[in-house]
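Enquirer: Sequence:
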Amino acid sequence: MEDIIKDLNSSQQEAVMATEGPVMVVAGAGSGKTRVLTYRIAWLLAQGVNPFGILALTFTNKAAREMKERIAHLVGASKAKSIWMGTFHSIFARMLRVEAEKLGFPQNFTIYDTDDSKRVLKNIIKEQNLDDKTYNPGFVLGRISNAKNNLISPIDYNADFEIQNADIHARKPKLGLLYSLYQQRLRKSSAMDFDDLLYNTNVLLRDFPESLYRYQNKFSHILVDEYQDTNYSQYLIVKKLAAKTENVCVVGDDAQSIYAFRGANIANILNFKKDYPDCKTFKLEQNYRSTQTIVEAANSIIIKNKDQIFKKVWTENPLGEKILVYKAASEADEASWIANRVLSLNTENLASFGSFAVLYRTNSQSRSLEEAMRRLNVPYRIFGGISFYQRKEVKDVLAYFRLVINPNDEESLRRIINYPARGIGDTTLAKLEIAATEQSISLWEATLNAPKFGLVISSGILRRIEEFTTTIRGFSALLYKYNAFELGELIISKAGIRKTLLEDDSAEGIHRKESVEELMAGLQAFAEGQNEGATEGPLRTLDEFMQDIALLTDADMTNEDLADTSRVSLMTMHSAKGLEFPYVFLAGMEENLFPSLMALGSRADLEEERRLFYVGLTRAMKQASLTWAESRFRFGQFNYCEPSRFIEEIDPNFVQFHPGNQHQKFKTSTNFRSDDTSPGYGKKPAVSQEMAKVPQIPVESGDDNGYSILTAGQLQIQMKVMHQRFGAGVVAEIEGKGPDAKATIVFETSGKKELMLKYARLKIL
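In this text, residue positions in the sequence shown follow our numbering: the first is 1, and each later residue adds one.
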């Protein structure tokens, strides 16, 4: 049995073999955290622990899949496949499928993604005659998500004086109403959003003691990856499930807790010993990823945080090069230097473009970087745009699949009742919606029984409605008779989707057809057993496939994209967590940008920013470079910038300044030291008098190519526009009025951008 752990170092071996009672493994960056989790499970199995009794919770499907593959290699596939291993959401969705009826849901409930949820809220906001600028669907969804993650129901939300008072002061008094209506709409559609999967699991374990007892007895050992990223809801579930045996092992790094904005609570890992006084703590401090310079530099930064579990990360790797700091004159100069350096290292060191990553604090910083890369013909890939499963043509097909599985899914029904066009327009749909509301039935029931309600609808349209419902019911009858690919092929053929796509031979139409064919290729691979996640059996069905893709995380999609190693990766530092690259550039290292101005109000927020910098720096294996610009164009005006306090916090022994600005002086005053005991550590730097005098640059109203400065009134949601730099795109959102108006535009090649209209040159297509 010792052969299983012979390749681990002594600290890793100790953590693996301590199988009984509560265990916390504090794993420094690059220290083999996933390796320990994997070998710990293999060790349990080798000791005879029932694989069905092991629950392993991760934050990405990719992590779960890789761990299961390694475990299969160590102890055999038959044992590995029986472990309950997956993301929090996928495991709890699996539980809820079994227990759904106790909570008033059918087993075939739909899982809504963020776009689905925003669409539901957008309709509710419109129905309530509320201003969608005040009640932005994304903001409202974030507020609801925060409530659910803290186990606050709509009833509790509306009954809480402090919450209501805060909403009134924020001039958003209807948030509680929108939360209630949103939940009613989800239940009517037999749907749950991502947060409901956690919320409802808590309700199940709270209100149904027999279910809690069954799962407590089922899982003899519980393991949690990235424990520092858990929120209150996840924390409670783990605590309840582990209450009987207390055989719970959590693995994580408090120094990499960077998701407070998503509800992650660093206190969960910091207070683990308080929850389990008898817990054994193991520290993994040997870094296998980075050079000594990078490791020591990162140590010198994170030590300045007060809230942490102390550890001293070290490595046997070579010393490596010092961290290079480049002071740029402007963001354009910064981007140009980065692109040129990538090209130089690619040529001189023969480093592939896939070896490079450029990380930044905000998505808006990518514009100048993209321009510089294009100018030098450096191939790059930007993360954070529209993912494959969010493309319209793909969402249309998936809406058919979802409706076949769950006819009560109102969002899917609305989306496809007239796609492909069958003459059932908005007026008819509105009549069906009114009938559904008046009769207190689902939209599907109203559509199915339209003739019974005396609606004023022509016989021709009634016939088309009947043909549509008959088609969907026919597909539903085949759900468990055909595999996922066979039924998917039948749907896109019989519903007329493929015919519609083939008729459009424009460049856009060809792109849409290729997307759908790519979806079908994925469906075929799933049906043939090439993907993980489906239940065992001879038939992998469409509902299993839909659950798999509904539970894909942003991190999963990022890792899929990284399979292409021929391009430079451009992404935010949050997106980079868990990844590694030989060469890393951290751009925009300036006060008010990084750390963010929003983080300067409290020590806790500033410490999270420092942890984010730590994460960014420790992505580098061979070389790290930091860049900052003396001036940057942000929020419609030029700003003079000062270097980030984080540059100054690095031990100077590990830093070198780029030739040409090696005598750079830090302007950061004592008010900006990381030591929170100094007064005013979070104050905003004063704008210089010279900066205050800089006039705004006048912009011409138009040009010879038809581009002009457009007002908010000239644009509409879903309008197609062309931008001089970013190309063709679709208007997704419009905010503000007059000179403060902004538009969010999703560009085909550049992803989502937020533009100040008074500066953006656009033309309507």
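Derived from the structure by calculation, the hints contain no laboratory data.
Model, not experiment: these values are computed from the prediction.
Built from N, CA and C at the ideal position, the CB exists for glycine as well.
Please note that a few of the clues may not be correct.
As the list claims (entries may be wrong) - Between beta-carbon pairs, the in silico distance windows are:
1) Glu69 x Glu316: 20 to 30 Å
2) Asn340 x Ser153: 54 to 64 Å
3) Asp651 x Ala72: 26 to 36 Å
4) Ile764 x Arg214: 52 to 62 Å
5) Pro277 x Ser78: 34 to 44 Å
6) Arg375 x Gln47: 58 to 68 Å
7) Lys118 x Asn271: 31 to 41 Å
8) Arg214 x Glu489: 10 to 20 Å
9) Lys218 x Gln656: 50 to 60 Å
10) Glu489 x Glu162: 46 to 56 Å
11) Asn271 x Asp156: 43 to 53 Å
12) Asp307 x Gly706: 51 to 61 Å
13) Lys392 x Glu162: 35 to 45 Å
14) Lys218 x Lys273: 21 to 31 Å
Unchecked claim - For lysine-lysine, the following DSS-like pairs were computed, each having C-alpha atoms within a straight-line distance of at most 25 Å:
15) Lys283 x Lys273
16) Lys244 x Lys513
17) Lys174 x Lys188
18) Lys758 x Lys737
19) Lys239 x Lys273
20) Lys102 x Lys244
21) Lys239 x Lys102
22) Lys392 x Lys513
23) Lys172 x Lys126
24) Lys174 x Lys737
25) Lys322 x Lys273
26) Lys218 x Lys188
27) Lys122 x Lys102
28) Lys322 x Lys304
29) Lys172 x Lys742
30) Lys172 x Lys118
31) Lys752 x Lys122
32) Lys395 x Lys218
33) Lys283 x Lys304
Enquirer: What are the numbers of the hints that this structure violates, sorted from low to high?
Expert: Hints 3, 8, 11, 16, 25, 26, 27 and 32 not satisfied by this model.
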